[in-house]
Amino acid sequence: MKQIMKQEFDYQRDFTVATICSHSSMQIFSGAKLEGFKTLGICIGEPPKFYNAFPKGKPDEFLTVNSYTEINKFAEVLREKNCILIPHGSFVEYLGASEFEKLELPTFGNKAVLGWESDRKKERDWLSRAGVPLPREYTDPNLISGTVIVKFHGAKGGKGFFIARSKEEFQNKIAEHRESYVIQDYIVGTRYYFQFFYSPIREEGYRLSKGSLELLGIDKRIESNVYELYRLGNIDIEPTFVVTGNLPVVIRESLIQKGFEIAERTIEESIRLFGGLVGPFCLETVVTDRLEFYVFEVSARIVAGSNLYISGSPYSDLVEEKMSTGRRIAREIRIAQKLGRLEEVLS
Amino acid sequence: MKQIMKQEFDYQRDFTVATICSHSSMQIFSGAKLEGFKTLGICIGEPPKFYNAFPKGKPDEFLTVNSYTEINKFAEVLREKNCILIPHGSFVEYLGASEFEKLELPTFGNKAVLGWESDRKKERDWLSRAGVPLPREYTDPNLISGTVIVKFHGAKGGKGFFIARSKEEFQNKIAEHRESYVIQDYIVGTRYYFQFFYSPIREEGYRLSKGSLELLGIDKRIESNVYELYRLGNIDIEPTFVVTGNLPVVIRESLIQKGFEIAERTIEESIRLFGGLVGPFCLETVVTDRLEFYVFEVSARIVAGSNLYISGSPYSDLVEEKMSTGRRIAREIRIAQKLGRLEEVLS
Amino acid sequence: MKQIMKQEFDYQRDFTVATICSHSSMQIFSGAKLEGFKTLGICIGEPPKFYNAFPKGKPDEFLTVNSYTEINKFAEVLREKNCILIPHGSFVEYLGASEFEKLELPTFGNKAVLGWESDRKKERDWLSRAGVPLPREYTDPNLISGTVIVKFHGAKGGKGFFIARSKEEFQNKIAEHRESYVIQDYIVGTRYYFQFFYSPIREEGYRLSKGSLELLGIDKRIESNVYELYRLGNIDIEPTFVVTGNLPVVIRESLIQKGFEIAERTIEESIRLFGGLVGPFCLETVVTDRLEFYVFEVSARIVAGSNLYISGSPYSDLVEEKMSTGRRIAREIRIAQKLGRLEEVLS
Numbered sequence: 031m032k033q034i035m036k037q038e039f040d041y042q043r044d045f046t047v048a049t050i051c052s053h054s055s056m057q058i059f060s061g062a063k064l065e066g067f068k069t070l071g072i073c074i075g076e077p078p079k080f081y082n083a084f085p086k087g088k089p090d091e092f093l094t095v096n097s098y099t100e101i102n103k104f105a106e107v108l109r110e111k112n113c114i115l116i117p118h119g120s121f122v123e124y125l126g127a128s129e130f131e132k133l134e135l136p137t138f139g140n141k142a143v144l145g146w147e148s149d150r151k152k153e154r155d156w157l158s159r160a161g162v163p164l165p166r167e168y169t170d171p172n173l174i175s176g177t178v179i180v181k182f183h184g185a186k187g188g189k190g191f192f193i194a195r196s197k198e199e200f201q202n203k204i205a206e207h208r209e210s211y212v213i214q215d216y217i218v219g220t221r222y223y224f225q226f227f228y229s230p231i232r233e234e235g236y237r238l239s240k241g242s243l244e245l246l247g248i249d250k251r252i253e254s255n256v257y258e259l260y261r262l263g264n265i266d267i268e269p270t271f272v273v274t275g276n277l278p279v280v281i282r283e284s285l286i287q288k289g290f291e292i293a294e295r296t297i298e299e300s301i302r303l304f305g306g307l308v309g310p311f312c313l314e315t316v317v318t319d320r321l322e323f324y325v326f327e328v329s330a331r332i333v334a335g336s337n338l339y340i341s342g343s344p345y346s347d348l349v350e351e352k353m354s355t356g357r358r359i360a361r362e363i364r365i366a367q368k369l370g371r372l373e374e375v376l377s
Numbered sequence: 031m032k033q034i035m036k037q038e039f040d041y042q043r044d045f046t047v048a049t050i051c052s053h054s055s056m057q058i059f060s061g062a063k064l065e066g067f068k069t070l071g072i073c074i075g076e077p078p079k080f081y082n083a084f085p086k087g088k089p090d091e092f093l094t095v096n097s098y099t100e101i102n103k104f105a106e107v108l109r110e111k112n113c114i115l116i117p118h119g120s121f122v123e124y125l126g127a128s129e130f131e132k133l134e135l136p137t138f139g140n141k142a143v144l145g146w147e148s149d150r151k152k153e154r155d156w157l158s159r160a161g162v163p164l165p166r167e168y169t170d171p172n173l174i175s176g177t178v179i180v181k182f183h184g185a186k187g188g189k190g191f192f193i194a195r196s197k198e199e200f201q202n203k204i205a206e207h208r209e210s211y212v213i214q215d216y217i218v219g220t221r222y223y224f225q226f227f228y229s230p231i232r233e234e235g236y237r238l239s240k241g242s243l244e245l246l247g248i249d250k251r252i253e254s255n256v257y258e259l260y261r262l263g264n265i266d267i268e269p270t271f272v273v274t275g276n277l278p279v280v281i282r283e284s285l286i287q288k289g290f291e292i293a294e295r296t297i298e299e300s301i302r303l304f305g306g307l308v309g310p311f312c313l314e315t316v317v318t319d320r321l322e323f324y325v326f327e328v329s330a331r332i333v334a335g336s337n338l339y340i341s342g343s344p345y346s347d348l349v350e351e352k353m354s355t356g357r358r359i360a361r362e363i364r365i366a367q368k369l370g371r372l373e374e375v376l377s
Numbered sequence: 031m032k033q034i035m036k037q038e039f040d041y042q043r044d045f046t047v048a049t050i051c052s053h054s055s056m057q058i059f060s061g062a063k064l065e066g067f068k069t070l071g072i073c074i075g076e077p078p079k080f081y082n083a084f085p086k087g088k089p090d091e092f093l094t095v096n097s098y099t100e101i102n103k104f105a106e107v108l109r110e111k112n113c114i115l116i117p118h119g120s121f122v123e124y125l126g127a128s129e130f131e132k133l134e135l136p137t138f139g140n141k142a143v144l145g146w147e148s149d150r151k152k153e154r155d156w157l158s159r160a161g162v163p164l165p166r167e168y169t170d171p172n173l174i175s176g177t178v179i180v181k182f183h184g185a186k187g188g189k190g191f192f193i194a195r196s197k198e199e200f201q202n203k204i205a206e207h208r209e210s211y212v213i214q215d216y217i218v219g220t221r222y223y224f225q226f227f228y229s230p231i232r233e234e235g236y237r238l239s240k241g242s243l244e245l246l247g248i249d250k251r252i253e254s255n256v257y258e259l260y261r262l263g264n265i266d267i268e269p270t271f272v273v274t275g276n277l278p279v280v281i282r283e284s285l286i287q288k289g290f291e292i293a294e295r296t297i298e299e300s301i302r303l304f305g306g307l308v309g310p311f312c313l314e315t316v317v318t319d320r321l322e323f324y325v326f327e328v329s330a331r332i333v334a335g336s337n338l339y340i341s342g343s344p345y346s347d348l349v350e351e352k353m354s355t356g357r358r359i360a361r362e363i364r365i366a367q368k369l370g371r372l373e374e375v376l377s
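Residue numbers (our numbering), protein chains in the order written: chain A, 31 to 377; chain B, 31 to 377; chain C, 31 to 377.
The hints are all genuine.
In the DSBU-like style, the derived pairs of lysine-lysine whose C-alpha atoms are separated by at most 35 Å in a straight line are:
1) A:Lys-103 - B:Lys-288
2) B:Lys-79 - C:Lys-151
3) C:Lys-197 - C:Lys-151
4) C:Lys-240 - B:Lys-79
These are computed hints drawn from the structure, not numbers from a lab.
In this text the structure is predicted, and so the values were computed from the model without any measurement.
Turn these sequences into a full structure, and let the hints guide you.
Right under this line is the structure:
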């Protein structure tokens, strides 16, 4: 990858920030514009009309493809425009992890994280090594003793997850499924999604062994249908967990410290394992009534919850006003460019 | 109406933005002030003291009436001050649709929408013609097969609505009621309230056959008592649905496109049917776990959820900073005034 | 107290705003900095590392103590720096009400409120005299007729509270407890936490017999585990009520008036009883589906929910932009200083 970059990527010319038109793309484009970059949106067919309603979130130009998996066919075009790709959840989902890794284009962040994050086993290994508190996993369903959540490999946005309150309920529900899965203790508490940003090149602030850590916001997720089953009382509807939106929140100040400690260990371990998770990431946590934290997932890129904070959050406002995650990405590229350290934030 | 306006409304003098002191009035006044208008608040008895606590939301002057239904008696006074009335939910509720329509004062938006929106049958007809996905309605209660919601005509803010999980439960609950009602399928999912704005005179942005469409925010509603029944566990309390407040949210970016498509069809049909729904309106939607949208209601004016966004929302910030719905209304009047097209935004 | 102040507190030099590093301290420090004060954070052991991530919320210097109860040992050091202490929920909790009252340092607000607020009986007496609508209390458990909530004296953040749906359930649950408690009717509705600010020296705005009243924001609380039991359906888990975070909300405009009326009566009564609750306070309310208000608690200082509004709320934005409660405290000190009326806002 770096080979390609060195040959074909022009570090002197200015860049075009490019991403797929979905997920958090308006935030990414608006942030890039604020930092003075050109922007390019990749879409299938006609550019989505709704961008016209949001001038600050609309990219300067569109590139139409037939399928997101053929982005590599346009590598030359994108290199001519000196594009840096910004990955987001849908970007990786649409391409698939392996196609994404093959992209012969400079990409923000460290693509090596994908192998560790898209495989639940490796992700757990990474977080365990980091000393992050995780829900217990069951390899033998016969050992299930309380309430568990069952997650399918590759399932996105909570789709297909189910909760079982006993071994028997698990056996009944799993019978319908063929996919591979993991069984985890369901931790009873309140979930918080921490939107962190790790910069390997920034030397101020919350320092790590290398670079520093920022918290740009916290959100909660709204899942269809489970979030509104409360309106129906004691009705027998199977809950589903498809994320449809997000709520802004703040957390007790004393819990922020714990959040940072977990994030710090997660990043330090990522540096040892694969050179570091660079840029935005999300710790998906649950806080019990004893104020204990558990991490049930890590997202290694910008999350949709950050769309709440396109003009800043109660946390990012304590760093710099109007600093969204999208803008922070663009800022990181800008800083790296000035320092001549782009290789550390791109891959 | 236009007759009256032409005779008595002075298009050369500057306007006073006027509304009833309730609902979203502080937002309307603050927005009007930012756009340089004078403001007047209509109230019963003494001006509400709490306005003093919010200098930017307090109108320049108050007009005291004995009852909101007698506003027309003050038509001359209001015309002297060159007032434009801004309708909001409480305004229309307090006057009643027919009294509201009789107001002999220039009013923001198209009053003709009232006949289509206040009658559930005509509203459904409008939305059906527009191709908007709607929950199924039952004319014969014997055909009820799943969970349904029963809504009474003229009921405001969810008051008196009930949910029934079977034909039998419906029969038991309806026995207590004498009002006319509709029975709809209860769509299981998560509800989102889209705060749109349609301008018939703006030519940029998300274009329609005439004018353009904006999204100024999305919220969720907090209903008493159902929203907090969760705290009581499996207790047998009949849920009620009286809106008491609002929560700010964002929705998956891929769902914004669908929201705009539905809004576009709704407006285009309104133009065909009655000359167009002008200004703010709210699509009240539910999103299933298959990410399908249903619209269960349309509000044809500023909604209270927009009070969340008095200084901008994650959506309006991508258009222009600090653009509330209240301010957008004032801006629309200002633009129309400059273009000499006030007749298109007033009625 | 005033004796000490007059002797040792230098009203001519500028002040250092000091508080314990927890709860809402970043908001307090950031607000103080915006108003031009020096800031000092009191912490146990090493300064918490996470402050480095939030430069605007980090105090200029730290004072390390072995235990918060020994702050008085550092009184001389703090007086040398001309410190004003800002109390917050954790501050009072860590010291205990009686230790807090003994602090021989100028403290923002009226310490006399503590005796009235930390004792549930006196708090109820105060609010009853003020004519504030309160949930019924039961002195005799045999009279319990509906759903009740049981609160333990001194319990913080909802810890240990329980709900009982009958006399029998109450008897079963109380058997495990030895602490003293109160039994209140559980009011079914939606809870809103009003963040008010009372200034005894400001003469504009919402006037009281002396000074004036402001509303800086409204929030809802997220309690672990009860807030997310909805995800588990009809499962038999005992709900707990430990606050872990907060959600931003707005309330129906017509309910704001009622909120102010209750806050006004609460303050007027506090002036009569103990010279007034000065500065920020929170009315913890529940609104029924008949839009009736009940107050179930008053917090006599800055609450953590105000951390949502570090850059302003939909309410404070109608007063002055970017006015957090933390900043409002600093502003009050600044105004009092200019007017030579510091004695009225410190104790």
